[in-house]
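Protein sequence lines, in the order shown, are assigned to chains A and X. Here my numbering is used: the first residue of the first sequence is 1, the next is one more, and so on. Here my numbering is used: the first residue of the second sequence is 1001, the next is one more, and so on.
These are computed hints drawn from the structure, not numbers from a lab. Using N, Cα and C, we set each Cβ at its ideal position, and we do this for glycine too. Keep in mind that a hint or two might mislead.
[Stated by the list, open to error] Chain A regions said to be covered by chain X (calculated; three or more residues, Cβ under 8 Å):
{"id": "1", "segment": "48-61"}
{"id": "2", "segment": "65-78"}
{"id": "3", "segment": "154-168"}
{"id": "4", "segment": "262-273"}
{"id": "5", "segment": "300-312"}
[Stated by the list, open to error] Pulled from the structure, derived: some chain A residues nowhere near chain X, Cβ distances all over 10 Å:
{"id": "6", "residue": "LEU31"}
{"id": "7", "residue": "THR81"}
{"id": "8", "residue": "ASP84"}
{"id": "9", "residue": "ASN111"}
{"id": "10", "residue": "PRO117"}
{"id": "11", "residue": "ASN138"}
{"id": "12", "residue": "GLN142"}
{"id": "13", "residue": "VAL143"}
{"id": "14", "residue": "ASP257"}
{"id": "15", "residue": "LEU258"}
[To be verified] Some chain A residues close to chain X (C-beta under 10 Å, calculated; not the full set):
{"id": "16", "residue": "PRO94"}
{"id": "17", "residue": "MET229"}
{"id": "18", "residue": "TYR254"}
{"id": "19", "residue": "ILE294"}
Number of protein chains: 2
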Amino acid sequence: MHKRSAHRSLLVVGSVALDDIDGPFGMHRDLLGGSASFVARAAAYFTRSVSVVGVIGDDFPQRYVDELVELGVDVSGIERTAGDTFHWVGRYAPDLATRETLDTRLGVFANFDPKLPESYRDAELVLLGNIDPALQLNVLGQVRAPKLVAADTMNLWIDIKRDELLKMLAKVHTLMINDEEARQLAEEHNLRRAAAKILKYGPTSLVIKRGDAGALLFHGGGVFAAPAMPLTDVVDPTGAGDSFAGGLMGYLAYAGDLSPSTIRTAMIMGSVMGSFAVERFSVDGLRGLTTERIQQRFDEFIELARFERVRL
Amino acid sequence: MHKRSAHRSLLVVGSVALDDIDGPFGMHRDLLGGSASFVARAAAYFTRSVSVVGVIGDDFPQRYVDELVELGVDVSGIERTAGDTFHWVGRYAPDLATRETLDTRLGVFANFDPKLPESYRDAELVLLGNIDPALQLNVLGQVRAPKLVAADTMNLWIDIKRDELLKMLAKVHTLMINDEEARQLAEEHNLRRAAAKILKYGPTSLVIKRGDAGALLFHGGGVFAAPAMPLTDVVDPTGAGDSFAGGLMGYLAYAGDLSPSTIRTAMIMGSVMGSFAVERFSVDGLRGLTTERIQQRFDEFIELARFERVRL
């Protein structure tokens, strides 16, 4: 994959975390986690122009930061402050289909007040990870002229910060959420109706992530269904959605255009990166990939979705 | 759609029922239901050579039988006997995502002992609907030289008739079940592993129906994901899977070959018919369709699944 010199720059804002994850494969402690960790690693395969804003505590291993630098990611917006890194403790059901949060220790993330380095303010693509919508708006206000702003959110913010969330939605192009969040946000169970309602809040496109049921893209009256690859080995679903978002945004930065057709391809690249992520713990599934392996799995998605046009 | 003179004949065995359905749209009584009712109607749009084996009681409205005749379906294998028609009473949750069975009155279905009229015994395609696997085997033994045998089953038979079910599976080409049934049958949560295990029981292909998450086809080492169309109006999910099976088998009969490529197309035709079925109560969504409307929705599925092949 040639990383085009004309590629667009991608700014990623999100959490950087340490996770303790229990489940059918036992307890794993202090795994690298957080939305920005997955997004940046997935996107870095597509473009050399990824920058990250986040906060880490003094317990955060420097090697994870160094690793991002080696991938060409600009980490000047990752701030290390006194205190503990955001720590999430969760447990997956034996079938990995559901999980529960056992503990959330915000640590330094509690006072996260993202300040963009000057060099970040010209970013063309922005991914606002799942943080307080007031902070998402704050970050967005610091970017001069973004061409595409995508955002994630979660049930907590839909519950307690709906007004700020709606303000944020009025300013973003793409919202990426899961099906339950879409239903909650729109107060409508039917996904097609929910999508129509959410698109009236501002975004021009809505991506609904459905885990092993794939992802849906609603935009401009059209709908696209990206399938999920049935995988033999699924170890850790943590970060699947963020890896999807990273692959999607990374491909858009790489492709250099935002046409509907390119966005569809980007959805599949997102699905490719999500499929790699769940095959290993933490970000391990995103480590050591090559253009060949990414292309190979993209081709497997082509085969997965392929059927002939016929006329009756 | 020209119904080819060279099309293959399709034999459908299954239940013919009257349903009482409660849910967000109120209580609806004595709706036409049963797997064979949906399968035959969906398949009849693709081939003039559909025949049905089933049993009805003396309370069953003759107009539903006459309607099948008008569609060109051979109903000489539908036996009317003294007693009540199989009656299912169920209630859907407000979001239509789940349902519970409130009552099952087998009536004449309790003594169903399918006898094929002589003219049925040369059927080339056979769909063994969800009945006791011992009966499925009995029916199959009466067909002389079927080219493709597909079967459905359910949790009840996996629980209490596993041995007969495995005997039946050794003789069918295609098993069509939902994801929970696949997991239960294979005693394996991971669908790809479950599919590999089930294919060792005998079938050369496995179709896993996943409702609004679409359907998966596992065959010959390959996998195909048929998307589900996100619909604005979903009224009654009853019979969606059977309409899918009818569209699939009907298209195979119409196409006249059983190549992997044709089976993929047939999966989409099944999805098309399932999508029509859920938009109305009972079989109403399958009534009055035209080749044009079926083609139009097939084209919408093409658009739903379309993305470009790119090289990184």
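Hint-by-hint comparison with the structure:
1. Here the segment 48-61 of chain A counts 0 residues with a CB under 8 Å from a CB of chain X, which misses the bar of 3, and the coverage is violated.
2. Counting residues of the segment 65-78 of chain A whose beta carbon lies closer than 8 Å to any beta carbon of chain X gives 0, which falls short of the minimum of three for the stated coverage.
3. Under a criterion of three residues with beta carbons nearer than 8 Å to beta carbons of chain X, the stated coverage of the segment 154-168 of chain A fails, only 0 such residues being counted.
4. A stretch counts as covered by a chain when three or more of its residues have a beta carbon under 8 Å from one of that chain; for the segment 262-273 of chain A and chain X the count is 4, and the coverage holds.
5. Counting residues of the segment 300-312 of chain A whose CB lies closer than 8 Å to any CB of chain X gives 11, which reaches the minimum of 3, so the coverage claim holds.
6. The non-interface label for LEU31 (chain A) is consistent with chain X: the shortest C-beta to C-beta separation is roughly 22 Å, beyond 10 Å.
7. With a least beta-carbon separation of about 38 Å from chain X, THR81 (chain A) lies farther than 10 Å from that chain, consistent with its non-interface assignment.
8. With a least beta-carbon separation of about 35 Å from chain X, ASP84 (chain A) lies farther than 10 Å from that chain, consistent with its non-interface assignment.
9. Here ASN111 (chain A) stays apart from chain X, with its beta-carbon at least about 39 Å from theirs, past the 10 Å limit.
10. At the 10 Å boundary, the C-beta of PRO117 (chain A) stays outside the reach of chain X, the nearest C-beta of that chain being 30 Å off.
11. At roughly 34 Å from the closest C-beta of chain X, the C-beta of ASN138 (chain A) stays outside 10 Å, upholding its exclusion from the interface.
12. Under the 10 Å C-beta cut-off, the non-interface status given to GLN142 (chain A) relative to chain X holds; the minimum distance is some 32 Å.
13. Annotated as non-interface, VAL143 (chain A) keeps its C-beta farther than 10 Å from every C-beta of chain X; the closest such distance is 27 Å.
14. Every CB of chain X lies more than 10 Å from the CB of ASP257 (chain A), the least distance being 12 Å, so the non-interface label holds.
15. Residue placement check: LEU258 (chain A) keeps its beta carbon more than 10 Å from all beta carbons of chain X (closest about 15 Å).
16. Annotation: interface hint on PRO94 (chain A) holds; nearest CB of chain X at approximately 8 Å, less than 10 Å.
17. For MET229 (chain A), the interface hint holds, the least distance from its beta-carbon to any beta-carbon of chain X being 8 Å, beneath 10 Å.
18. Given hint, TYR254 (chain A) at the interface with chain X, holds; its Cβ is 8 Å from that chain's nearest Cβ, closer than 10 Å.
19. Among the interface hints, the one on ILE294 (chain A) holds; its C-beta lies about 6 Å from the nearest C-beta in chain X, closer than the 10 Å criterion.
Of the numbered hints given earlier, the model fails hints 1, 2, 3; all others are met.
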